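There are 4 protein chains.
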Amino acid sequence: MNIDHLKICYIGGGSRNWAWVLMQDLAFEKEIAGTIELYDIKPEDARTNEIIGNALMAKHNGGLWKFHANPSLEDSLSGSDFVFVSILPGDFEEMAVDVHASEKYGIYQSVGDTAGVGGIIRALRTIPQFREIARSVKKYAPDAWVINYTNPMTICTRTLYREFSGIKAFGCCHEVFNTQKLLGAVLEEAGAAPVGSIKREDITTRVLGINHFTWIDKASWKNIDIFPYYKKFVDKYAESGFKGAKAATTFAAGGSGAIDPDETVRLRLFSSVERVKMDLFRRYGLIAAAGDRHLAEFCPHSWYMANATQAESWGFTLTPVSWRIANREKLIKMAKAYRDGTQTMAAVESGEEGLKILKALLGLGNMVTNVNTPNYGQMPDLPSQVVVETNASFSQNNIQPLVSQGLPADIRALVMPHVLAQEGIIEAVFEDDREKAFRVFSHDLAVQLLPLKDSRALFDEMCAKTLKS
Amino acid sequence: MNIDHLKICYIGGGSRNWAWVLMQDLAFEKEIAGTIELYDIKPEDARTNEIIGNALMAKHNGGLWKFHANPSLEDSLSGSDFVFVSILPGDFEEMAVDVHASEKYGIYQSVGDTAGVGGIIRALRTIPQFREIARSVKKYAPDAWVINYTNPMTICTRTLYREFSGIKAFGCCHEVFNTQKLLGAVLEEAGAAPVGSIKREDITTRVLGINHFTWIDKASWKNIDIFPYYKKFVDKYAESGFKGAKAATTFAAGGSGAIDPDETVRLRLFSSVERVKMDLFRRYGLIAAAGDRHLAEFCPHSWYMANATQAESWGFTLTPVSWRIANREKLIKMAKAYRDGTQTMAAVESGEEGLKILKALLGLGNMVTNVNTPNYGQMPDLPSQVVVETNASFSQNNIQPLVSQGLPADIRALVMPHVLAQEGIIEAVFEDDREKAFRVFSHDLAVQLLPLKDSRALFDEMCAKTLKS
Amino acid sequence: MNIDHLKICYIGGGSRNWAWVLMQDLAFEKEIAGTIELYDIKPEDARTNEIIGNALMAKHNGGLWKFHANPSLEDSLSGSDFVFVSILPGDFEEMAVDVHASEKYGIYQSVGDTAGVGGIIRALRTIPQFREIARSVKKYAPDAWVINYTNPMTICTRTLYREFSGIKAFGCCHEVFNTQKLLGAVLEEAGAAPVGSIKREDITTRVLGINHFTWIDKASWKNIDIFPYYKKFVDKYAESGFKGAKAATTFAAGGSGAIDPDETVRLRLFSSVERVKMDLFRRYGLIAAAGDRHLAEFCPHSWYMANATQAESWGFTLTPVSWRIANREKLIKMAKAYRDGTQTMAAVESGEEGLKILKALLGLGNMVTNVNTPNYGQMPDLPSQVVVETNASFSQNNIQPLVSQGLPADIRALVMPHVLAQEGIIEAVFEDDREKAFRVFSHDLAVQLLPLKDSRALFDEMCAKTLKS
Amino acid sequence: MNIDHLKICYIGGGSRNWAWVLMQDLAFEKEIAGTIELYDIKPEDARTNEIIGNALMAKHNGGLWKFHANPSLEDSLSGSDFVFVSILPGDFEEMAVDVHASEKYGIYQSVGDTAGVGGIIRALRTIPQFREIARSVKKYAPDAWVINYTNPMTICTRTLYREFSGIKAFGCCHEVFNTQKLLGAVLEEAGAAPVGSIKREDITTRVLGINHFTWIDKASWKNIDIFPYYKKFVDKYAESGFKGAKAATTFAAGGSGAIDPDETVRLRLFSSVERVKMDLFRRYGLIAAAGDRHLAEFCPHSWYMANATQAESWGFTLTPVSWRIANREKLIKMAKAYRDGTQTMAAVESGEEGLKILKALLGLGNMVTNVNTPNYGQMPDLPSQVVVETNASFSQNNIQPLVSQGLPADIRALVMPHVLAQEGIIEAVFEDDREKAFRVFSHDLAVQLLPLKDSRALFDEMCAKTLKS
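Protein chains in written order, with the numbering used here: chain A, 1 to 469; chain B, 1 to 469; chain C, 1 to 469; chain D, 1 to 469.
For reference, chain A alone in the conformation it holds in the complex (with noise of 0.2 Å):
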């Protein structure tokens, strides 16, 4: 790979999210340099992309990145040494069925994107998808390194090796980042340093389950061992929430919008104050590693949102997708005035580490971090070959997931059952098989609550209105 002439394939090009995340950061971006393919199924975003990033490069780097609106996928991919996968499966108006059609039975959703009803018929419909994806990848970039940003990140990434065994893909989430920001502030909190002092890259910790439900098993920052801090933090803010870690927030709004102009109301939305999480920590002894809006999807559901007002009282929002519907209206007149030069995007590092994955691959840099990738081994205790999330070192054309400890043998039977229904999930989209699908969702922990009656109808119901077929 030429570190000077790079090509990266964008699929969901046209993305108001995560492309201008990587535009903002290929902003500060000077020892690499190449081009970024945007391929979109709405060709037109593209274009609005192509437009606003090169405007971007032009005024911060000289230009060393170019934006290349692309509608062909194959050509978009054909010779790539990156490809990056964000998209939105479907629309808004269909995760609004994900979410919310369920509530007439009695079961609300925080999220709705990667566990639970939601989660899967999504994942019903994002699994063709990646399919598609990944034949695709194996016909034009079989050597390329895929970087999927989509939810439900486990189906998606498992997916596409189960449809192209060759291909070296992984799935980036930065949900154990915000929990790595929380333990620095805890720590800042208990006074071991400074407030604001504390980098998230410096806080060390030994990652180990699947995605959105991954948890911590040791943490550390320099010589210090984080958990008799936590412990104590735990101790002090388990019932009134915390409140502090701002920045946790950062980026919680998931595949809606980076650049909100309504913070406000997007915090409320999107924030927590953590109590599930150290709820979790009370009872279990592990950090739990990502936001509370993501946990609470994988506990029984009587535990953290039986209904809207239990999921308040632990402090957190079931989040409406009419939020969504509404700030994708919001992005789409800032995608134009950027478009248009009337609005000038501002320039600043997400925190990301998307790019610096990638340089490290290129061998700019070996680093450890999280991410998603096929159960070789480092999960001993869960299945061989599904998609699993613990730490793993990146170097020049090579990652290598990092063997942990497995899982406690009560966490474990918590995370078991969503291991077991996303890989029930993707073998029935696989073979076809919509009465496994709908099996598989009868044993979801609140579809479980329902007459099997009401689960059958409510499982047509959301097929109807999100599946093509």
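No lab work stands behind these hints, which were simulated from the structure alone. Take the hints with a grain of salt, since some may be wrong.
Which copy is meant is left open, because identical chains are indistinguishable; a pair holds if it fits in one copy or across any two.
[Claimed, not checked] Within a straight-line C-alpha distance of at most 20 Å, the following computed EDC-like cross-link-like pairs (lysine to aspartate or glutamate) qualify:
# : residue 1 : residue 2
1 : Lys222    : Asp4
2 : Lys356    : Asp202
3 : Lys138    : Glu74
4 : Lys222    : Glu31
5 : Lys231    : Glu263
6 : Lys222    : Glu29
Values in this document were obtained by computation on a predicted structure and should not be read as measured data.
Assemble the complex: chain A is given as a structure, and chains B, C and D must be docked to it using the hints.
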């Protein structure tokens, strides 16, 4: 082993259920001979059985077998060739707590001795007893074959191995036999053979899963594949239920009494019309191989017994422990009458396989049947070493489980949480960690429905009422 | 499967060995009936067997079975219920290279069809043929049971599965039977039963390992553990050898001819006095369950056949291929005589189990016997999926291997290099990588003795003389 | 762990090799401080090192580190944060037997401390010592990190875990470093960087295999993939050998002496011209990552050292133990001179990583390097729990091995017999079964060449001369 002078230790030798079954089967056994050491924590019950057993032997086989009530476990075990374990962990008053304490929270149970809240609490008081048994076997009879009949079967058998890894133990259960009887009835009902002509032993089934949640993925009689017949049968009876297979209920009384003075009531309380079994077949495609009352307890709470009415609508009963208590009194009277000779025990072969297996292990006839053993490879998709139920081949001093094909992903998703819960509860007891036990309890399919506060209250109440410490 | 109209495809149907054995066994078979499609790359041999077979059937069982020479593989396979594969990969002239080419380098072989230089080179020409067979089965008879008799057994069977993972194939070999006969003789010799009274089928053995290097770690007859008897037997005969078990040699002729006109010579060339087997028992404590000529080839070269004299001193012969060539002529003459009716084939039951297994798979009698299948869990200490030899249970349309206890560490160390070599050679052929094949060859126990230059020369010579490309 | 008051126990504290290296490295270390308890079965050697070490510290870092000769193992261990183990199992007179006793049978060895007859017999006397160490660590310092430098590395480390499964131990070896130096030289030689400019630490290698038979399947420097360069290098030097990488030999002296009075002789006896390494690359395609003298001992005997002349023709020497004995005298004199102050030890950083790893475990700088640990999943194609050498990530109180891609089938076939032999020899000692040890010995690549009678004689002789009982 000298087949004319065998020594068999019977732990729980005062039993008025399995011990009587064994006596009756031994009454017909003339190929081997020896002594049964009856050990029981209630020595007077063992003494009563000694008298009953010896009277039966004198009458039927010239006293080839001696029964001997032995108050010393050491003495009973030392030099034994076989050890039967058939105990009631605690008493029926404690079992009443296992089964009924949760009802005020809306959690109902049909049996309450294997899975669910009842199974878990029962396990908490059973595991220490089985650790003690394992230690005694290690000390006094390390080479003996240990045959367990006690529930929770999986947990009891697994405990034996965790405490003494060199033990030669396995667990026997007749639930699969009842399903085999049903399959015979299915063929007869379809006219494939005259009614009453098919012997259970001639139904070949491929068995896999865990005790009381066991599955059959292949069944045949002679050169006939039973699955197509079963499918038609289910089409016909899934709604109405099937009442024909009376034979199938003979031993459904579990830990409560083989000989029943009031058969009508008992049948109503213990039998089912197989609707759960048929419903599972319609959805999952495999034959569930246990009584409906057991199967229902392994499934999401809302499916079959969200409440007592629902259970009834599926054709099975939530057996009240009060019946077991009342029945106990009748059995005690009956035992007294047998002992005093005012009544004579009839000798009827039970159809149980305990004796046949024992003889196979002596080299007197190889056989293949279902059994509960650690997973050495026979269930490649379940964790290693957990106790599973599959077929095994028995021959002289040798058991070898048969490798199964593994469970389909969706059934595996139903089974695995129970496997993990069983492991977790054993781990909790071995680590003397009551909190871990509570966490496992809190993950239970039904307990999940409760707010954590209620889970805790229920757990604490049940522990307080049933556990010594 | 209609047991009155079975279709069996016999690949290698011109065989004058296994095909004749099958005919003779079918002569006694009246419970099932059908047609044997004889396919052979030498159609005239198949035609000869058709005539011989039909004459035999006409005489003995009223023509229940039809033999039909079929020049089309597609036609032979289509709709078959069973497929037998018993072919000679290449001809005896090529086998002469397998066996004798290495002698100039001091490498001698007793059989040369399984392990060692002969086995490896034979595998190189066999694997492509078995890939072709697997592809045809997949296309024309995917549900048929495929029973392989061809050597190298492990490699042939494994190839079938690698090419068509859904195949229902297994490999049968009688070497374990011969060892069971020997064990019967051991008991009779010790006076435990009258001479000639013990039937091989009644010797129960726990079998584990790989074909021709199979082991028995438990053996019994009725309630007698055979190991103590075998130990005394070895003490007595280890030095002198044991010549009594004539029966054990009946089919030791392997791929060369079941009916021998010059029995004295043949016996000398194929029999042994069991000294290798007894020596292995003395050192390793388990019973090696194959003929000495096979066992010796799996052991370090210096132990039993550093040269022809040493082999003789251990009581076995390095069978020259010249005998097979000469014998072939006699068999051809005999076939002609049978065909032309100038001689009549006698009907004698072989003691082979092929037909019994076939009937078990039809549901006509469950049985447990040893067989070669992929490792699904039955040999937990060998790699998954490699073909191993253990007991398996056969029933209607079902095989289930019996989980073994695993090999002791020291025997495993003897067996594993062969497992890895077999995997390596298959991989080399599937990847079309002759260099990898050479590297596997160069690791062989005997080839290791040679300087690399000589290994290379030998490999190249053998390939040139026996492989098409 | 208080980084200003660390307690380090050095078992083998009288060492004139690794102990001196450690002193010299500590001379430069000012970030952490503490006491080194020097324990040795020769207390006077520990006392000598105490004086030497303290003098060095006084001179270079103001005495931040104290050396203390401690005659009590209990006292040395109690409360230790780290334990170094660097002992000579037995003495050089016994090692002379390990290495040379087999020569009369035509078996030559280049090192004789890891694999082969020397490695096996050395293991027989080392394992009991390491069991004793493990028991002491369990008793007195169960939470300490134990860093082993003793050979046979794999067996010593595995023994620690088998005796005390909760131990936090790993083994360090510099052979991979030397290969990394060579790879730097390869790039420099090709003009990719100025000669002498590449630092070993900047060569990134993916390491897998077992100690002294370790492999590299991926190597890079900055954004350069080294494999194509190495291929050209091998094409150029495979026949002539490469003499340039002098640096690579600095510590090749193994257990014998870091500071050499007669460098010319030593270099001749310990260095190589990398021809074995290059030959293995030509054939297997991966980079063998140990010195040629070690590599040759893991390969078939005929390949590189059928005799002394052949070794020489491959450019390496069969190091005679007589040199070690003579060198020992020089080192004893030197120690005396250091102790008495008639000579002053120079402080030169060694390039070893022991101290760096120790600091990483204290939280003072995460790092990734190669290390020997139990196989938890990092080598999915080797048995679980055996000790393997791969990269691992070190951070505060945490080691996590990096999951490798597994060995290609042909290299695995070379490595596995050694893995099984190592396991077998450990098992034999733990079971106190000398016969099993002999069987493992008899399978050795070179011993296989001998008739069993000679194997036995050699084994008995070596045991008699080197083992206490």
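Hints and how they fare:
no. : hint              : in the structure
1   : Lys222 <-> Asp4   : between (36 Å within a copy, 14 Å between copies)
2   : Lys356 <-> Asp202 : both (15 Å within a copy, 18 Å between copies)
3   : Lys138 <-> Glu74  : within (11 Å within a copy, 34 Å between copies)
4   : Lys222 <-> Glu31  : between (29 Å within a copy, 13 Å between copies)
5   : Lys231 <-> Glu263 : neither (31 Å within a copy, 57 Å between copies)
6   : Lys222 <-> Glu29  : between (28 Å within a copy, 17 Å between copies)
The structure is inconsistent with hint 5 alone, although it conforms to all the rest.
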